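Take the sequences, apply the hints, and build the full model.
Take a look at the letters that make up each chain.
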Amino acid sequence: MGRYRFRSPLGRATGLGTAKAGAGHWWAERVTAVALVPLTMWFAASIIAHGGSDHMTFTGWLGSPVPAGLMILLLIVLFWHTELGLQVVIEDYVHSGAKFPALIVMRFVCFALALAGILATLRIAVGGWAAAPSLSMASLLMQPSSMA
Amino acid sequence: MEPITGKHARPLSPNIQIYRPQLTSVLSIANRLTGVFLSICAMVLVAWLVAAAAGPESYSAFQGLTGSWAGQILLLGGTFAFFLHLCGGIRHLLWDTVHGFELRQIYTSGWIVVAASVVLTLAAWIAGLTMAGPS
Chain A
306 MGRYRFRSPL
316 GRATGLGTAK
326 AGAGHWWAER
336 VTAVALVPLT
346 MWFAASIIAH
356 GGSDHMTFTG
366 WLGSPVPAGL
376 MILLLIVLFW
386 HTELGLQVVI
396 EDYVHSGAKF
406 PALIVMRFVC
416 FALALAGILA
426 TLRIAVGGWA
436 AAPSLSMASL
446 LMQPSSMA
Chain B
118 MEPITGKHAR
128 PLSPNIQIYR
138 PQLTSVLSIA
148 NRLTGVFLSI
158 CAMVLVAWLV
168 AAAAGPESYS
178 AFQGLTGSWA
188 GQILLLGGTF
198 AFFLHLCGGI
208 RHLLWDTVHG
218 FELRQIYTSG
228 WIVVAASVVL
238 TLAAWIAGLT
248 MAGPS
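Taken in order, these protein sequences are the chains called A and B. Each residue of the first sequence is one higher than the last, beginning at 306 in this note's numbering. Each residue of the second sequence is one higher than the last, beginning at 118 in this note's numbering.
In case anyone wonders, no lab produced these hints; they're calculated from the structure. As the structure is a computational prediction, the values presented were derived from the model and not from experiment. Please note that a few of the clues may not be correct.
What the hints assert, rightly or not - Short, incomplete list of chain B residues facing chain A, as computed with Cβ under 7 Å:
(1) 163
(2) 166
(3) 167
(4) 173
(5) 249
As the list claims (entries may be wrong) - Okay, the calculated beta carbon distance ranges per label pair:
(6) A:396 x B:128: 19 to 27 Å
(7) A:331 x B:232: 24 to 32 Å
(8) B:194 x A:343: 18 to 26 Å
(9) A:405 x B:243: 39 to 47 Å
(10) B:249 x A:410: 36 to 44 Å
Ideal Cβ positions, reconstructed from N, Cα and C, are used throughout, including at glycine.
Right under this line is the structure:
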C-alpha cells in the first residue's frame with residue numbers, strides 16, 4: 306500500500322520518471338498533514354487555555370503524561386512537515402551552488418529544533434524542571450523554595 | 118545550427134508578472150508563504166518550551182516578549198497564518214481525493230478557506246482573551 310499505488314503501471318513498467326522514491330515525498334507530506342490537523346487543533350486549544358498561565362501551572366499541565374506525549378508527537382510531525390515543505394521551497398527558488406548547503410542546513414536546523422523541543426518537554430515531564438539542575442545560576446536563585 | 122548559449126532572447130511563457138492576481142493564484146502562494154512563516158513560528162514554540170524547562174525566570178521573560186505589542190502582532194499574524202495554512206491544507210487534501218476541481222467549486226472552496234481563517238482567528242483570540250481574564 307501507500308506510495309507505490311501513486312505511480313502509473315506504465316511508469317513502473319518502463320522504469321522511467323522518478324528514481325525509486327518519487328511519490329515518497331508527496332505521500333509523507335500528506336500523511337504528516339493529516340496527522341497535524343488534530344495535533345495542531347489540540348495545540349491551539351491548549352495555547353488558548355494555558356498560554357497565559359504562570360510557570361508552575363504551565364509546567365504542571367505540560368508535565369502530565371497526555372499533554373507531554375501529544376506535545377512530543379506534535380514536535381516530531383510538525384518539524385517533519387516543516388522539513389518537507391521548506392525542502393520544496395528551497396528547491397524551487399535556490400538555483401545556485403547554495404541549494405545543497407541550504408537544504409542540509411535547513412534539515413539540521415529542523416532536527417535540532419525538534420530535539421530541543423522534545424528534550425524541554427521531557428525535562429518538564431520526567432522529574433520536573435525543579436528536580437534537575439538549573440540551566441543557569443540566575444534561574445537557580447529565582448526558584449521559590451516551595452518547588453524544592 | 119546555432120549553439121544554445123542562452124544569449125538570444127527566446128520567447129518565454131507568461132508567468133506571474135503577467136497575470137492579474139486571482140483568488141486561485143493568491144491562495145496558492147499564500148499557502149507557501151504561510152508555511153514559511155509558520156516555520157519561524159515553530160521556532161517560537163520551541164523557545165517557549167525551552168524557556169519553561171529552564172525555569173520560572175526565563176519563562177516569565179518569554180511571556181514578557183510575547184506579551185509586548187510586537188509579540189502580540191506576531192502572534193496574531195501567526196494565528197491567521199496557521200488557520201489559513203490549515204484550511205488551505207484541508208482544501209489540498211480534498212483535491213487529492215480528486216474532488217472539487219470544477220471552476221465554481223475551486224472558487225467556492227477558496228472563499229470558504231478565506232472566511233474560515235478569519236472566523237477561526239477571531240474565535241481563537243476572543244477565546245484566548247476571555248481565558249486570560251480581566252485580571
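Query raised in the report: Which of the listed hints are broken here?
Result: No numbers; nothing is violated.
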